[in-house]
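S.K.: Read off the chains here:
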Amino acid sequence: MRSSTSCWRTEPIVYGKGLRALSLATALILTGAFAMVFFYAPLDADQGFVQKIFYVHVPLAIVALCGFVAGGICAIQYLRTRETKWDMRSYVTIHISVILAVGVLVTGSIWARASWGHWWVWDEPMLVSFLIVFLLYATYWPLRFSLEDKEKQARYAAVFAIVAGAFVPLNFTAVRMAEQYIHPETLATTTGGMPGKFALTFVICLAGMALLFVTMIKYEMASKHATFRLRSLRRKLAGDDDELTLGGRSAAPQL
Amino acid sequence: MLPALPLDEAGKYVAGAYLVFLALLLIYLAIMASKLSRIEREVVELAELVDRKAEVKAEDGAAPPPAKEPIA
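Quick mapping for you: the protein sequence lines, in order, are chains A and B.
Residue numbers for the first sequence follow the numbering used here, so the first one is 1 and each next one is one higher.
Residue numbers for the second sequence follow the numbering used here, so the first one is 256 and each next one is one higher.
Heads up, a few of these hints could be off.
[Said to hold, decoys possible] Here are some of the chain A residues that sit facing chain B, going by a computed Cβ distance under 7 Å:
hint, residue
1, 48
2, 52
3, 110
4, 226
5, 230
6, 237
[What the hints assert, rightly or not] Pairs of lysine-lysine, DSS-like flavour, derived with a Cα cap of 30 Å:
hint, chain 1, residue 1, chain 2, residue 2
7, B, 290, A, 152
8, A, 85, B, 290
9, A, 17, A, 236
10, A, 152, A, 85
11, A, 236, B, 290
12, A, 224, A, 85
13, A, 224, B, 290
14, A, 150, B, 290
15, A, 218, A, 236
16, A, 218, A, 150
17, A, 17, B, 312
18, A, 224, A, 150
19, A, 150, A, 236
20, A, 17, A, 150
21, A, 218, B, 290
22, B, 267, A, 197
23, A, 218, A, 85
24, B, 267, A, 224
25, A, 236, B, 312
26, B, 290, B, 308
27, A, 236, B, 308
FYI, nobody ran anything at the bench for these hints, they're computed from the structure.
None of these values were measured; they are calculated from a predicted model.
For each residue, glycine too, the CB sits at the ideal point set by N, CA and C.
Full structure from sequences and hints, please.
M.R.: Right, here's the structure in full:
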């Protein structure tokens with residue numbers, strides 16, 4: 001049996017480091033961004049006030065999709081190194097991305113109701129493709145939960161994350177290349193890019209959302225790390241040699 | 256695409272979208288709060304376990320050593 005403090009020595013990672021500064025920066029930038037949305041960015045000539053939804057909807061979508069890809073990259077790292085911290089990072093990144101994807105679907109639906117008169121349009125490729133991506137990732141937890149062996153769970157989940165992560169940009173490109181789309185483009189239009197004030201507001205909203213994503217990931221990692229270490233310590237104090245077996249099936253990886 | 260909605264009608268949709276975002280954040284915050292309280296509970300349990308172990312150790316130290324059996 002290792003010494004009672006060895007678990008702290010072998011894993012010196014502290015996920016909560018810098019969390020306060022990051023949280024403050026996120027709150028500051030998001031507040032500033034939303035203030036710019038309503039007091040700085042001009043009204044859109046075509047859509048009017050409803051266009052303001054884009055400043056929350058599009059950054060959420062971009063960050064969520066990038067998060068799915070990042071989850072795949074972490075999974076590649078896991079398969080290369082077999083270090084459980086990469087499995088945890090992949091799991092948490094996908095977890096937060098799915099939460100943001102719920103926001104994308106709901107805010108997009110609200111915009112569709114205001115602009116198209118319908119909550120959902122089934123022949124709109126962007127909407128349906130995003131729903132497919134969301135539903136694909138919704139199967140990530142059942143997949144993990146179905147496997148009791150932690151090593152096998154991490155390996156299968158990594159393969160899933162890589163394949164699904166590769167599907168995301170392919171899917172996005174395919175939709176962009178489709179001829180019959182009517183979904184408005186944000187970053188580029190046939191008449192040129194966004195005008196200055198729109199673009200600046202959008203970029204700051206995107207930065208705020210990216211910071212929020214990183215902050216949420218760090219919170220989740222710190223929480224999971226602390227929970228695991230506490231349980232491990234409790235088992236050691238209780239005199240249980242099998243400190244890594246936490247009991248009960250779980251979809252979450254163990255650090 | 257429909258023509259742009261008037262401000263009073265568009266406002267409720269915009270407010271709705273931003274409220275959804277806020278609600279997501281608050282729900283996440285609530286989940287994190289429950290996780291934090293669980294961690295706190297586990298820390299308390301751990302502290303009790305350490306205290307109990309310390310008490311047992313102190314009692315063992317205070318007890319007289321067992322009498323040796325006579326050798327035949």
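S.K.: Given a cut of 7 Å on the nearest C-beta pair, is the interface hint for residue 237(A) held or broken against chain B?
M.R.: holds, 5 Å
S.K.: Within 30 Å, alpha carbon to alpha carbon, are residue 224(A) and residue 150(A)?
M.R.: Distance of about 16 Å is within 30 Å: holds.
S.K.: Does residue 308(B) lie within 30 Å of residue 290(B) when you go C-alpha to C-alpha?
M.R.: Satisfied, since the Cα-Cα distance of roughly 27 Å is no more than 30 Å.
S.K.: At a threshold of 7 Å, is the proposed contact between residue 230(A) and chain B supported by beta-carbon distances?
M.R.: holds, 5 Å
S.K.: A closest beta-carbon separation below 7 Å is what the hint needs, so does residue 48(A) meet it against chain B?
M.R.: Constraint on residue 48(A) satisfied, holds at 3 Å.
S.K.: With the threshold set at 30 Å, check whether the alpha-carbon distance from residue 224(A) to residue 290(B) stays at or below it.
M.R.: holds, 9 Å
S.K.: Starting from residue 152(A), check that the Cα of residue 85(A) is at most 30 Å away, please.
M.R.: holds, 15 Å
S.K.: Would you check the hint for residue 290(B) and residue 152(A), treating anything up to 30 Å between C-alpha atoms as holding?
M.R.: This hinted pair holds, its Cα atoms lying about 27 Å apart.
S.K.: Has the given pair, residue 236(A) with residue 312(B), been kept, meaning a C-alpha gap of at most 30 Å?
M.R.: Holds. Residue 236(A) to residue 312(B) sits at ~16 Å (cutoff 30 Å).
S.K.: Measure nothing beyond the straight line between the CA atoms of residue 218(A) and residue 150(A); if it is 30 Å or shorter, mark the hint as holding.
M.R.: holds, 23 Å
S.K.: Any CB of chain B closer than 7 Å to the CB of residue 52(A)?
M.R.: holds, 5 Å
S.K.: Mind checking the alpha carbons of residue 17(A) and residue 312(B) for me, to see if they're no more than 30 Å apart?
M.R.: violated, 36 Å
This entry does not satisfy hints 17, 24, going by the numbered hints stated previously.
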